[in-house]
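Enquirer: Sequence:
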Amino acid sequence: MKIGILMLGLAQALRLLRLTNATFRERFREKNLVVQFKVLDCGTARSITFHDGRVSSRAGVHPAPDVVLSFKNARVAAKLMSLKPDHRFNIDAMKNFTIGLDGPDELTVWFAETLSMVKAFGWRFGTRLKGGVTRYTGNTNGGPVFVYVKGGRIVRITPIEFDAEDGETWKIRARGKSFSPPRMATVSPHTLASKSLVYSKDRLLYPMKRVDFDPHGERNPQNRGISGYERISWDEAAEIIAGEIRRVKRDYGPGALAFSHSAHQSWGNVNYHLSSGFRFFNLVGFTKVHSNPSSWEGWYWGATHHWGHTMRLGNGEVFGQVEDCLQNSEMIVFWSSDPEACNGVYAGFEGTVRRQWAKDLGMTFVHIDPYHNETAAWLGGKWIAPRPGTDPALAQAICHVWISEGLYDKWYVENRTTGFDEWADHVMGRSDGVPKTPEWAEAETEVPARDIRALAREWGRKKTYLGAGAFGNGFGGACRTATGAQWARMMVILMAMQGYGRPGVNMGNLQSGAPIDFNFWFPGYAEGGISGDLQFTADGPITYQRIPHIMTMNNVRQQIPRINFPEAITEGQASGYPTDVAAINSQFVPYRYPSPGHSPVRMMYKFGASQFGTMNNSNRWIRAYQSPNLEFVVNQSIWNEGEVKFADLILPACTTFERWDIGEWGSGGGYAPQYYTQNNHRVVVLQHKCIEPLGESKSDYQIYVEIAKKLGLSALFTEGMTELDWCQRIWEGSDLSQHISWKKLLKRGYFVVPTEKEHLRVETAYRWYYEGRRKTVPELQPLPADYSEKFLEGLQPQSGKFEFVPESLKKAGDPDRPPVNVYMPSWEGTKSHDLLAKYPLQLLSAHPRYSFHSQADGKDGIINDIEWHRREIDGYRYLICYVNPADAADRGIRTDDIIRLHNDRGEVLFAAYVTERIRRGVIRTYESSALYEPIGRPGHSPDRGGCVNLLTNHRSQIRGGSSMAPNACLVEMERWREPVATAPVAAEMAMAEA
1 MKIGILMLGL AQALRLLRLT NATFRERFRE KNLVVQFKVL DCGTARSITF HDGRVSSRAG
61 VHPAPDVVLS FKNARVAAKL MSLKPDHRFN IDAMKNFTIG LDGPDELTVW FAETLSMVKA
121 FGWRFGTRLK GGVTRYTGNT NGGPVFVYVK GGRIVRITPI EFDAEDGETW KIRARGKSFS
181 PPRMATVSPH TLASKSLVYS KDRLLYPMKR VDFDPHGERN PQNRGISGYE RISWDEAAEI
241 IAGEIRRVKR DYGPGALAFS HSAHQSWGNV NYHLSSGFRF FNLVGFTKVH SNPSSWEGWY
301 WGATHHWGHT MRLGNGEVFG QVEDCLQNSE MIVFWSSDPE ACNGVYAGFE GTVRRQWAKD
361 LGMTFVHIDP YHNETAAWLG GKWIAPRPGT DPALAQAICH VWISEGLYDK WYVENRTTGF
421 DEWADHVMGR SDGVPKTPEW AEAETEVPAR DIRALAREWG RKKTYLGAGA FGNGFGGACR
481 TATGAQWARM MVILMAMQGY GRPGVNMGNL QSGAPIDFNF WFPGYAEGGI SGDLQFTADG
541 PITYQRIPHI MTMNNVRQQI PRINFPEAIT EGQASGYPTD VAAINSQFVP YRYPSPGHSP
601 VRMMYKFGAS QFGTMNNSNR WIRAYQSPNL EFVVNQSIWN EGEVKFADLI LPACTTFERW
661 DIGEWGSGGG YAPQYYTQNN HRVVVLQHKC IEPLGESKSD YQIYVEIAKK LGLSALFTEG
721 MTELDWCQRI WEGSDLSQHI SWKKLLKRGY FVVPTEKEHL RVETAYRWYY EGRRKTVPEL
781 QPLPADYSEK FLEGLQPQSG KFEFVPESLK KAGDPDRPPV NVYMPSWEGT KSHDLLAKYP
841 LQLLSAHPRY SFHSQADGKD GIINDIEWHR REIDGYRYLI CYVNPADAAD RGIRTDDIIR
901 LHNDRGEVLF AAYVTERIRR GVIRTYESSA LYEPIGRPGH SPDRGGCVNL LTNHRSQIRG
961 GSSMAPNACL VEMERWREPV ATAPVAAEMA MAEA
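Number 537 in this note's numbering belongs to position 537 of the sequence shown; there are no gaps in the numbering.
No lab work stands behind these hints, which were simulated from the structure alone.
Mixed in with the good hints, there may be bad ones.
Said to hold, decoys possible - Taking lysine-lysine and the DSSO-like style, the derived pairs with C-alpha atoms no more than 30 angstroms apart in a straight line are:
1. LYS810 with LYS831
2. LYS359 with LYS463
3. LYS150 with LYS743
4. LYS177 with LYS757
5. LYS743 with LYS2
6. LYS689 with LYS747
7. LYS710 with LYS689
8. LYS831 with LYS119
Said to hold, decoys possible - Derived DEER-like restraints, expressed as beta-carbon distance ranges:
9. GLU771 with ALA120: 39 to 45 angstroms
10. SER741 with ARG623: 53 to 59 angstroms
11. GLU439 with PRO754: 51 to 57 angstroms
12. GLY936 with ASP214: 50 to 56 angstroms
13. TRP521 with GLY875: 49 to 55 angstroms
14. PRO778 with GLY936: 18 to 24 angstroms
15. PHE162 with GLU230: 45 to 51 angstroms
16. GLU230 with ASN555: 33 to 39 angstroms
17. ASN555 with GLY9: 29 to 35 angstroms
18. ARG231 with ASN32: 52 to 58 angstroms
From the three backbone atoms N, C-alpha and C, an ideal C-beta is built for every residue, glycine too.
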């Protein structure tokens with residue numbers, strides 16, 4: 001009886017909504033169908049009919065239903081139809097077949113979405129303001145924002161400012177002063193450009209098919225990047241893609257479909273590629289294009305062998321450094337570290353105020369970088385400019401001074417480390433006859449020996465923090481050179497010699513280590529979201545227990561190393577080494593493509609459009625795209641940029657402001673745990689659907705739904721959930737639901753996690769290790785099996801201690817990573833004499849200051865108006881390139897000349913900016929141009945978009961790893977004197993030539 005009443009109640013509710021609500025009246029006109037509910041054990045049944053906008057219902061079994069929802073018994077039916085669903089029970093019912101769903105996917109998805117609309121009826125979101133403006137909330141790669149909307153259009157986007165309802169902000173007392181950060185979220189420049197990107201003229205608004213691509217006839221892969229496009233419907237696009245998936249699986253077997261994604265995308269735990277992307281492709285089966293640790297290269301492949309932290313990709317602990325540094329440290333050495341330009345990662349300008357406090361306290365600053373970077377220009381201090389790739393030699397000379405003059409922590413070295421005597425023999429020249437003196441290093445680095453000796457002495461006598469890389473204990477910079485692993489190893493060796501963990505001595509540049517609450521749980525994006533993925537996210541061990549959902553498993557075991565994907569396509573084979581965070585020795589096990597029993601890749605589904613701008617020697621990617629071995633290419637992107645024009649089918653995704661999602665600011669989780677420690681406040685944002693998607697663009701989640709419907713997978717993919725339903729499930733399963741109601745979160749849009757009480761703050765990183773105690777910091781790493789002694793005692797390496805000469809590298813036998821960290825000059829650098837004679841300039845391509853990789857670059861966004869990003873010359877905005885005055889004079893180059901950088905791999909045009917801030921012999925620009933605009937035939941002509949990675953070497957840093965080294969690159973430079981063809985003319989030339 002009860003279940004019959006529930007069925008009748010649902011029918012009555014649908015009728016009432018039709019009568020009272022225009023949205024539902026319009027919704028019911030979309031489909032004509034009969035939905036049958038029935039309980040198998042007792043025979044209770046009711047059908048609901050939708051016909052020409054009307055809703056009717058009757059008890060009993062309908063003779064010809066379109067959709068049948070069956071329950072084994074009344075208990076199952078009652079639980080599944082409850083207004084407060086039990087997701088664990090629902091999943092169990094699906095897995096154990098106590099619920100059945102039969103009918104065309106198009107209709108079952110429509111009905112499930114309709115029920116979600118019923119549940120959400122009456123929900124109100126956003127804050128109504130004067131003048132017809134509604135304020136919503138959003139989240140981006142550069143921070144959380146308020147989004148102001150009027151008349152269905154975004155009118156402005158601003159950082160979130162906290163009010164009295166938000167919790168208190170922490171304070172730090174140091175040297176007689178009290179410090180507290182502003183009560184607001186700071187955001188990166190690219191976030192402030194978001195409105196211009198939403199309404200960019202380069203937005204993809206409709207599904208498009210290449211005009212000379214016929215899935216049933218001639219495919220013409222050689223014309224990718226050249227041909228034009230025609231608009232098609234979503235139904236046709238989804239049908240073509242589903243048909244191609246079925247074809248390559250049927251004709252070639254497992255592994256024929258590859259899924260390739262960018263390293264980053266629009267923020268949100270539902271739409272992120274590690275969430276809905278992995279969920280969809282696990283259900284289909286795919287060859288994974290395996291990402292190398294592109295921003296952690298030297299740390300993962302090098303530093304981890306000395307101190308562990310594989311689950312941080314080699315980066316160290318991030319606890320309490322802000323307070324400890326301000327209270328106890330005397331000097332900060334920024335080594336290849338420019339946090340004011342890079343914002344750490346995702347963190348806006350949260351660390352800026354902390355570095356201002358350090359400046360106010362009179363701390364000493366040293367900056368080691370071939371470029372006098374933005375942090376150095378602002379903070380001041382000593383600038384030391386080594387030749388790129390020679391940093392390990394500089395570091396070894398510092399060690400030589402410390403050992404010679406006794407300026408290291410002898411107690412720590414004796415009690416907390418192994419292998420020091422062997423390391424000291426190397427540094428002092430006792431093992432190879434070459435003492436690593438400052439004079440020796442001067443010949444390598446061109447840094448005067450007196451400066452090296454002075455730095456070593458001051459460092460050895462002061463309590464010093466080492467800020468290595470953008471994050472302070474890793475990430476970017478010198479770890480992306482041919483000597484990147486050597487450099488990262490040297491950074492941790494230096495700090496081990498100084499006894500990291502004692503007061504005032506640690507890794508950090510005040511970018512991370514804020515005293516926030518580490519116990520509040522909300523999933524980061526790398527914790528899998530809704531993916532159900534067990535292999536490449538932390539969904540299984542972390543998220544699933546709190547947010548139950550169907551687990552998914554990829555049936556394909558084949559992988560391709562991303563840095564060698566072009567060779568896999570054009571040459572039919574590739575090999576690589578995994579980014580496997582489980583253990584130190586995991587990275588030594590190679591994999592090869594194609595795998596036994598698997599098909600070569602014939603179809604590529606590309607998520608995003610950044611590989612031309614972010615992957616080395618990217619002319620290789622053009623050859624791969626135009627190869628007949630790649631029979632079908634799909635690209636799912638927001639803007640028409642980069643490699644989008646090399647796809648056969650283009651799917652238009654909407655921006656984060658045009659869809660529902662939820663996420664915490666700056667929280668990576670998984671392999672990037674506790675990234676939120678960069679922020680002065682933890683902020684979780686319900687990312688409102690602020691406006692409707694432009695044109696016919698769709699959310700990434702909804703795009704997968706459209707394809708899943710054609711494959712009969714929609715019920716498994718969606719679990720009957722819309723994006724907003726998934727947001728509610730994530731809220732419900734996280735600690736967020738214990739602090740703010742769903743109704744209030746819908747309206748307010750964000751929640752500031754209360755600050756930690758001062759007496760409960762987590763102690764400073766490594767203090768436990770320095771003092772010889774059990775591990776006390778809140779991190780789920782390493783795995784229990786990686787402890788050599790008792791659980792939580794010691795570090796991850798085999799000895800349980802810091803290893804100057806790692807045991808893991810003794811076993812590896814990698815000639816590029818000898819156990820003793822020998823300095824080996826770059827294979828494309830100052831010792832490449834023949835190549836240097838032809839290409840005498842070292843090229844640095846740093847993370848952009850204003851854009852976030854390719855995001856916010858190009859696309860007619862306002863970032864391009866910043867003259868320190870792109871400079872307008874003859875009506876075109878060229879990416880900037882910094883040139884030393886002597887190098888410019890040698891070639892007759894002045895500021896705002898168009899210059900051509902070239903080597904044997906490619907040629908790219910830039911706008912010159914002549915400055916003393918870059919050392920002679922080195923030029924500097926930004927990696928990750930969103931634009932690839934060849935002035936002639938793609939892959940065979942200069943690019944004016946600034947795609948610098950056309951020039952960089954794709955050789956791995958080390959033979960025993962898949963480790964990119966874009967900053968090991970030699971080029972020549974000349975003033976460009978020819979007229980630059982416009983893009984349409986170039987396309988016509990290319991088409992004619994083809």
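Enquirer: Next, verify each hint and record whether it holds.
Expert: For each hint, the structure was consulted:
no.	hint	result
1	LYS810 with LYS831	holds, 27 angstroms
2	LYS359 with LYS463	holds, 16 angstroms
3	LYS150 with LYS743	holds, 23 angstroms
4	LYS177 with LYS757	holds, 19 angstroms
5	LYS743 with LYS2	holds, 29 angstroms
6	LYS689 with LYS747	holds, 12 angstroms
7	LYS710 with LYS689	holds, 26 angstroms
8	LYS831 with LYS119	violated, 68 angstroms
9	GLU771 with ALA120: 39 to 45 angstroms	violated, 53 angstroms
10	SER741 with ARG623: 53 to 59 angstroms	holds, 55 angstroms
11	GLU439 with PRO754: 51 to 57 angstroms	holds, 55 angstroms
12	GLY936 with ASP214: 50 to 56 angstroms	violated, 27 angstroms
13	TRP521 with GLY875: 49 to 55 angstroms	holds, 52 angstroms
14	PRO778 with GLY936: 18 to 24 angstroms	violated, 56 angstroms
15	PHE162 with GLU230: 45 to 51 angstroms	holds, 49 angstroms
16	GLU230 with ASN555: 33 to 39 angstroms	holds, 35 angstroms
17	ASN555 with GLY9: 29 to 35 angstroms	violated, 42 angstroms
18	ARG231 with ASN32: 52 to 58 angstroms	violated, 28 angstroms
Hints 8, 9, 12, 14, 17 and 18 from the list above are not met by this structure, while the remaining hints are.
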